[in-house]
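Here the protein sequences line up with chains A and B, keeping their order.
For the first sequence, my numbering begins at 1 and goes up steadily by one.
For the second sequence, my numbering begins at 1 and goes up steadily by one.
Watch out, some of these pointers could steer you wrong.
[To be verified] A short, non-exhaustive set of chain B residues, derived as facing chain A with CB atoms under 10 Å:
#1 VAL106
#2 LYS273
#3 GLU277
#4 GLY338
#5 VAL343
#6 GLY348
[What the hints assert, rightly or not] Simulated pairs of lysine to aspartate or glutamate, DMTMM-like, Cα-Cα distance not exceeding 20 Å:
#7 A:LYS113 to B:ASP157
#8 A:LYS113 to B:ASP79
#9 B:LYS149 to B:ASP33
If you are wondering where the hints come from, they were derived from the structure by calculation, not from laboratory data.
Cβ coordinates follow ideal geometry from the N, Cα and C atoms, glycine included.
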Amino acid sequence: MKYVDEFRNRDKAGALVREIESLVAAIAPGRRQPIHLMEVCGGHTHSIFRYGIEGLLPEQIELVHGPGCPVCVLPMGRVDDCVSIAERPGVIFNTFGDAMRVPGSRGSLSQAKANGADVRMVYSPLDALALARKHPDREVVFFAIGFETTMPSTALTILQAESEGVTNFSVFCNHITIVPTIKAILDSPDLHIDGFLGPGHVSMVIGTAPYAFIARYYRRPMVVAGFEPLDVLQSIWMVLKQIRDGRADIENQYGRVAPEAGNGPALDAIARVYELRPFFEWRGLGSIDHSGVRLRDAYARFDAERRFAVPNVRIADPMSCQCGEVLKGAIKPWQCRVFGSACTPETPLGALMVSSEGACSAYYQYGGIRKGVQVA
Amino acid sequence: MNVAPFIRPRTPGRVHAPTVTLAHGGGGRAMKDLIDDVFVEAFDNAALAPLEDQARFDLAMLTARGDRLAFTTDSFVVDPLVFPGGDIGKLAVCGTVNDLAVGGAVPLYLSCAVIIEEGVAIDLLRRIARSMAHTAREAGVEIVTGDTKVVHKGACDKLFITTTGVGVIRKGLSLGAHTARAGDVVLVNGLLGDHGAAILGARGDMALETPIESDCAPLHGLAEALLKAAPGLRLMRDATRGGVATVLNEVAAASRVAIEIDEASTPIREEVKGFCEILGLDPLYLANEGKIVAVVPSDEREAALAAMRAHPLGAAACAIGRVSGGEAGRVTMQTVFGGRRIVDMLVGEQLPRIC
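Throw the hints in and build the complete structure from the sequences for me.
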């Protein structure tokens, strides 16, 4: 496949791995080890496991799988809200596939569907809008989820619904924003991250400027990274080079997709439709200030939260669940007390076990590390 | 064939309505008309003709072919009913024929039970029944008994078909998932994932236009060629739901061996690769309906490959991996990138990733 195979070239990977090894040999003496690098985005986590990248890296490097999987950080209470909307008579509830199996306190959307709710899997919010046009007698709700990557498509769909005068379409907005979350992670006392691979697709929308504080105030290097395996390796190499040189800069490895300035029309649509919430609840990380958005008052009629009184109850994460520690890199997935026993992809307790971008699910499926058994 | 003592003179019924109604499942004349006009007309054979409540076979004829009966059943609920490269009828015959063939059996007879939702067009049913008949002839099997039910709108999705198949296994042949040994080679007869991708594409909810066609085909001939060329053949499986990854996991578990596959040698069409890239799917888990996964001793590798490649359904046959003495039950893949990863059983269905 053109533009894909080039980024999976084995020889180039070998050359990069050798460069990474020599950088590590130069950096490692006199440093705390291992060197912790966090890939913020779930897409990176997926690539790392799918291509076996961890196995190629020297053992002094440890990858910490960050919070950038929107499905994984969705708290139980929000899933319960989804189920309660989906169960209303007359509602067609639309969701991306990943979110179907995320457990709430009263089960998942997939279970709600089995119990008779009209839950449908869509690939774009526009699919949901099309359903609303097709079924004017039904309430069509789109479960909006994701970081800045998916925010513009939801916003533009709402704008389109408005211009067409569609009245039976609304959005249950769970969009979240990555920057306050990276800040929360950096402020966390139990955290040791030496550098970041920045989220490529979020940066395609917001550009690289919003990350400046990471370098300036926290003195950590970040490289905005693409998602093919060579992208990931090259970004690791770039972060290590900064560490070797004693620099902390925001660099962009993914320039072919993510422009430094972001995407103007997408940012305009975001600014027009959403406003920051005072705080938003994250699974495993708790409440983070200004980390979520909701629809502005001007679009209140498209806001499912205002259209249907949702329970909006905060449900604590299961006691045994250590998703938060995994998300912050304090423990590895298999060190969680329920990994592979009470919590498996078949019966996930925590959301990290649900999505293929979740670190626990990725370890379980691709890493093959079942509790107590480690396989290279 | 010595199956029917006499054939009652009958006037075949005809359906005049454009769609199936509950009356067609009522047991009366309308049902007889539907069965005659659509199914008997298409399946036409001596065992079916008397329309008894059961098909009858001559035991001596069966025992002349082998010493064990193979017996299997499968239900088909595919949506859409007609897709690029096939339809539910072709699929219902191939699926059961293949389940028999990969066990080393010569497929002989099928049953066909249909559950029809009221409102289905008679012409569509005719088309599907003819497709079944055509595929059955191609596979050398006869559809000898059947059942027809019509249910209320909404009680099923248009049309469900269940086929049950009987075949005979010749003396001395014993294939099984538990027989793979370290050193054996894993072969497939061609490009993987076409059926799964074709069906997902045909559903139309991805708004992706693909030229991918289902690989749906009866594999009895290929299986026979393989058996002849590689007498040491350990096992064959048809890699349907769950794809090649699932079959390999089953074999690794049953044989208590490890299996290592090589991503670079795994044959996947560029279009299927692209389709999977866009949707975040893994082609190793996509369904096939015309693909055999075979495990052979390494010294029979070339003979087996040559036999498959000489068959029209095996032109792109290749070796994708080997059986090793590693951790029992474990399937791993050497990635094109040089890393190694686990290929586990799929949990639930494959869900597209959102970003």
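For each hint, the structure was consulted:
no. : hint                 : in the structure
1   : VAL106               : violated (39 Å)
2   : LYS273               : holds (6 Å)
3   : GLU277               : holds (6 Å)
4   : GLY338               : holds (5 Å)
5   : VAL343               : holds (8 Å)
6   : GLY348               : holds (7 Å)
7   : A:LYS113 to B:ASP157 : holds (16 Å)
8   : A:LYS113 to B:ASP79  : holds (18 Å)
9   : B:LYS149 to B:ASP33  : holds (13 Å)
Violated hint for the displayed structure: number 1, the only one.
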